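J.: Each chain is listed here by its residues.
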Amino acid sequence: MVTLNINGRDQQVDADPSTPILWALRDNLNMTGTKFGCGAALCGACTVHLNGDAIRSCVTPISAAAGQKITTIEAMEADKVGKAVQDAWVKHDVPQCGYCQSGQVMSAAALLRTNTKPSDTDIDNAMSGNICRCGTYQRIRLAIKDAAKTLA
Amino acid sequence: MKAEWFKGAADAAALQGSSSRRGFLKAGAAATGGLVLGFMLPGAGRLARAAEAKPAVVAPNAFVRVAPDNTVTVIVNRLEFGQGVHTALPMVIADELDADWRQMRSELAPAADVYKDPVFGMQITGGSGTIAHSFTQYREVGARARAMLVGAAAAQWKVDPARCRTDKGVVIGPGGQKATYGELADAAARMPVPQAVTLKDQKQFRYIGKPMPRLDARAKSSGRQQFGIDLHPQGTRVAVVAHPPVFGAKVAKFDAAKARAIRGVVAVLEIPVDRGGRGVVVIADGYWPAKQGRDALAIEWDTSAVEKVDSARQLAQFTELSKTPGAVARQADVSKLAGAPKKISAVYEFPYLAHAPMEPINCTVDLKDDSCTLWVGSQYQTGDQAAAAATAGLKPEQVTLHTVMAGGGFGRRAVPSSDFVVEAVNIAKAYKAAGHQGPVKMIWSREDDIKGGYYRPSHVHRADIGLDAKGNIVAWDHVIVGQSIMAGTPFEAFMVKNGVDGTMIEGMGEPYGIPLNLTAHTAKANVPVLWWRSVGSTHTAYVMETLIDEAAHAAGQDPVAYRKKLIDAKHARHHAALDLAVAKSGYGKNKLPKGHAWGVALHESFNSVIAYVVEASVKDGVPRLHKVTAGVHCNLAVNPLTIEAQIQGAALMGLGTTLPGAAITLKDGVVEQQNFGDYVVARMNEMPQIEVHVVPSQDAPTGMGEPGLPPLAPAYANALFKLTGKRLRKLPFDLASA
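Quick mapping for you: the protein sequence lines, in order, are chains A and B. Take the first sequence: its letters are residues 1 to 152, numbered as in the working numbering. Take the second sequence: its letters are residues 153 to 890, numbered as in the working numbering.
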């Protein structure tokens with residue numbers, strides 16, 4: 001049994017300590033907003049925040065997260081930065097298939113929390129770990145800049 | 153897939169009475185009240201008849217439901233996997249229904265005859281056909297529902313329906329009476345369905361033609377949207393399969409002791425897999441124990457009976473074959489080739505490509521003695537339902553297939569062999585036979601997906617072109633070598649003609665007035681192949697558009713002017729798209745930054761024409777695409793916001809095919825790539841700025857999901873030629889060795 005602090009709440013997870021956070025969320029806690037894309041930290045679909053930093057939950061075992069703060073897409077609506085990002089996503093009609101977008105939103109929120117006016121290069125650096133096969137990158141870029149303005 | 157190839161299938165379907173036009177619309181009440189308008193098919197499956205007998209049941213024949221709570225739900229007869237039909241078809245109904253956009257909802261239809269594509273005669277999402285084929289179908293549904301709501305209001309108010317009007321979900325009577333659609337829904341369900349309806353004049357459109365935001369944007373930005381992989385019916389267990397390393401290979405023996413020892417593992421079973429192969433499935437309480445279980449298996453494979461493809465050897469074979477003519481696809485006199493004063497000779501190479509949709513392949517199956525329920529992001533419900541039934545030993549009507557939202561697909565979820573659906577049903581069968589019960593969700597890892605086959609086929613093209621002294625093309629002899637996508641599938645009968653697979657040669661020749669002599673060799677290889685967004689145009693457009701560019705340069709003429717001279721006036725849409733891209737980009741007028749160059753390409757696929765003018769540079773040997781200006785001709789632009797998204801997405805996918813690492817290769821029959829680390833796709837830092845301009849038109853809308861892909865790579869290559877003087881004959885690009 002591992003105790004995880006997820007979105008401000010302690011939760012007991014009955015799983016092998018090697019279990020990645022991703023699968024504890026999805027299979028043990030039925031929180032399916034965080035997506036499985038590659039299982040190897042190559043695509044970013046599983047991005048969550050660990051103590052505020054964007055991490056890939058598909059390769060981070062729950063044993064490494066005990067006692068730390070995990071934040072998922074499910075908490076973004078109640079988060080000032082997260083909400084601004086989501087509103088910008090809707091305003092710019094970003095999603096296509098939408099599967100990668102939880103991860104994109106989490107990476108964008110982590111970026112905007114530390115960088116209130118990201119340049120194109122900042123956005124490239126923060127977002128290039130998140131693959132979107134539908135090709136929504138141009139709208140993501142616009143939405144991040146828009147969210148930054150709303151938050152300023 | 154092109155509509156014309158399916159004409160045979162559609163005709164056959166119409167004869168059997170399964171074309172929607174042969175059916176009739178029927179109103180009914182939903183269990184929760186309100187108006188349900190659906191198609192009924194004479195002699196259709198059991199489900200439709202049951203629905204007719206018991207209209208109180210929410211029947212799988214509905215196309216629109218107007219509920220007493222004033223919501224209007226449109227049932228989408230396709231898969232939504234990014235292309236936007238979940239918004240476009242509701243727009244079409246909302247317009248004719250005269251609904252308020254805020255009351256619109258969307259739902260994906262399950263497998264049922266009424267939901268077959270009216271042109272293809274099967275339930276399939278492909279060929280960029282949703283709007284092209286179902287625009288009028290859905291308009292008519294909306295118009296009929298509106299007439300019934302008006303009729304119900306007129307009856308209540310005892311007035312002539314002709315004196316009532318509608319406005320954003322409200323019927324307004326001649327005396328100013330008002331009733332919402334929700335208030336009228338129950339009464340409207342009892343009205344007769346009008347035989348004939350008058351559709352709106354295009355000038356009256358309220359939503360069609362306007363940039364309408366997606367209905368699913370909020371759900372998809374908040375993690376609330378459920379995809380197939382997220383579904384978890386009560387008691388579901390997760391299955392992960394150890395697939396053979398070579399397609400079709402078998403299990404010699406395996407030791408499951410270590411896998412069984414993993415906590416949460418419930419069963420380890422040998423199962424049949426695709427192409428006659430065998431695999432071992434691990435079924436567990438969740439993905440992680442199932443995956444750990446699979447990794448702990450010790451399997452000895454028997455690959456003795458299957459061909460082991462080697463990419464280098466295959467390339468040599470294809471190249472050799474291309475030196476001889478294949479089966480004739482198109483004939484022209486090439487006698488002027490020998491004496492032509494200028495010649496272009498070129499050999500092109502294209503690799504296998506994986507679709508790699510972001511949501512890994514998955515399928516949930518609940519198999520019982522007399523029924524089978526599937527939850528799957530299927531692009532091909534008709535085939536998948538039939539294949540599931542055959543695998544389970546049931547009748548198709550005993551199989552319920554729920555279409556669930558899919559995270560991309562690009563063709564991979566429409567498989568003539570239904571490979572992954574059959575695998576999932578085989579898992580469920582083995583699981584049930586071993587004494588277990590309940591649903592099983594098969595999830596492929598990304599490695600399973602990259603290695604799992606069904607690739608865009610690899611190809612070699614050989615072209616020999618002769619030009620006269622003025623640069624006119626006087627002879628063009630062309631050979632294509634590749635595997636057939638259609639051979640061995642139910643589509644072969646009408647898509648392979650005279651030994652030539654239509655998907656291998658589509659996009660060759662048109663719209664240019666050139667003496668093209670075209671033949672094709674169909675090669676065999678133990679590698680499963682499939683349509684991949686824009687199908688044959690993924691390679692033919694590249695070859696055509698780089699060669700036309702090369703001919704223009706050989707002729708010493710501007711590539712845009714050269715193209716326009718070669719395209720006759722009948723191809724007005726090509727001229728319009730090209731002119732628009734040229735005008736908006738500033739091609740030939742604007743001065744580019746030092747080290748940048750223009751590139752142009754033009755291609756028609758799925759009846760839409762896309763022209764790209766791109767701006768590229770090369771720095772330290774690394775090419776870079778900066779800007780793309782698109783001229784789009786898709787006739788009536790139903791949702792400009794979606795069109796922009798589809799062009800941006802398709803262009804990026806086209807760019808992806810040029811990036812080093814965008815190739816599937818095999819050695820000793822084993823796919824060498826594993827995951828996104830070695831199978832490269834485009835990322836944020838590669839995204840050019842893409843501007844989309846649409847030629848205004850009122851003609852019947854044409855495809856948009858795929859046509860944006862083909863002209864991107866050749867436009868980029870043409871720009872790189874101007875910068876480097878190198879013709880890139882091989883995808884992905886390799887400037888250093890070109």
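Be aware that one or more of the hints could be misleading.
In the BS3-like style, the derived pairs of lysine-lysine whose C-alpha atoms are separated by at most 25 angstroms in a straight line are [said to hold, decoys possible]: (1) B:K547 <-> B:K405; (2) B:K882 <-> B:K819; (3) B:K520 <-> B:K495; (4) B:K330 <-> B:K310; (5) B:K362 <-> A:K117; (6) B:K676 <-> B:K882; (7) A:K91 <-> B:K362; (8) B:K779 <-> B:K495; (9) A:K91 <-> B:K320; (10) A:K145 <-> B:K779; (11) B:K771 <-> B:K716; (12) B:K495 <-> B:K330; (13) A:K69 <-> A:K83; (14) A:K91 <-> B:K874; (15) B:K874 <-> B:K771.
In case anyone wonders, no lab produced these hints; they're calculated from the structure. Note that the structure is a prediction, hence the values are computed from the model and not measured.
J.: All hints are to be evaluated individually against the structure, with a verdict given for each.
T.: Quick rundown of the hints versus the structure:
Among the hinted pairs, K547 (chain B) with K405 (chain B) is inconsistent with the structure: their alpha-carbon atoms are about 34 angstroms apart, more than 25 angstroms. Between K882 (chain B) and K819 (chain B) the CA atoms are separated by roughly 19 angstroms; this keeps the pair inside 25 angstroms, and the hint holds. Note on K520 (chain B) and K495 (chain B): the hinted pairing is violated, with a Cα-Cα distance of about 66 angstroms set against a maximum of 25 angstroms. Note on K330 (chain B) and K310 (chain B): the hinted pairing holds, with a Cα-Cα distance of about 13 angstroms set against a maximum of 25 angstroms.
Taking the CA atoms of K362 (chain B) and K117 (chain A), the gap is about 32 angstroms. The hint is violated against a cut of 25 angstroms. The hinted pair formed by K676 (chain B) and K882 (chain B) meets the criterion: a straight-line CA distance of about 21 angstroms does not exceed 25 angstroms. Note on K91 (chain A) and K362 (chain B): the hinted pairing holds, with a Cα-Cα distance of about 15 angstroms set against a maximum of 25 angstroms. Of the supplied pair hints, the one linking K779 (chain B) and K495 (chain B) is violated, its CA atoms being roughly 32 angstroms apart against a limit of 25 angstroms.
The hinted pair formed by K91 (chain A) and K320 (chain B) meets the criterion: a straight-line CA distance of about 23 angstroms does not exceed 25 angstroms. For the hint linking K145 (chain A) to K779 (chain B), the alpha-carbon distance of about 19 angstroms falls within 25 angstroms, and the restraint holds. Restraint check for K771 (chain B) and K716 (chain B): the C-alpha separation of about 32 angstroms exceeds 25 angstroms, so the hint is violated. For the hint linking K495 (chain B) to K330 (chain B), the alpha-carbon distance of about 74 angstroms lies beyond 25 angstroms, and the restraint is violated.
The suggested pairing of K69 (chain A) with K83 (chain A) holds, with an alpha-carbon distance near 19 angstroms, which does not exceed 25 angstroms. For the suggested pair K91 (chain A) and K874 (chain B), the alpha carbons sit about 39 angstroms apart, so the restraint of at most 25 angstroms is broken. Between K874 (chain B) and K771 (chain B) the alpha-carbon distance is near 14 angstroms, which keeps this suggested pair within the 25 angstroms criterion.
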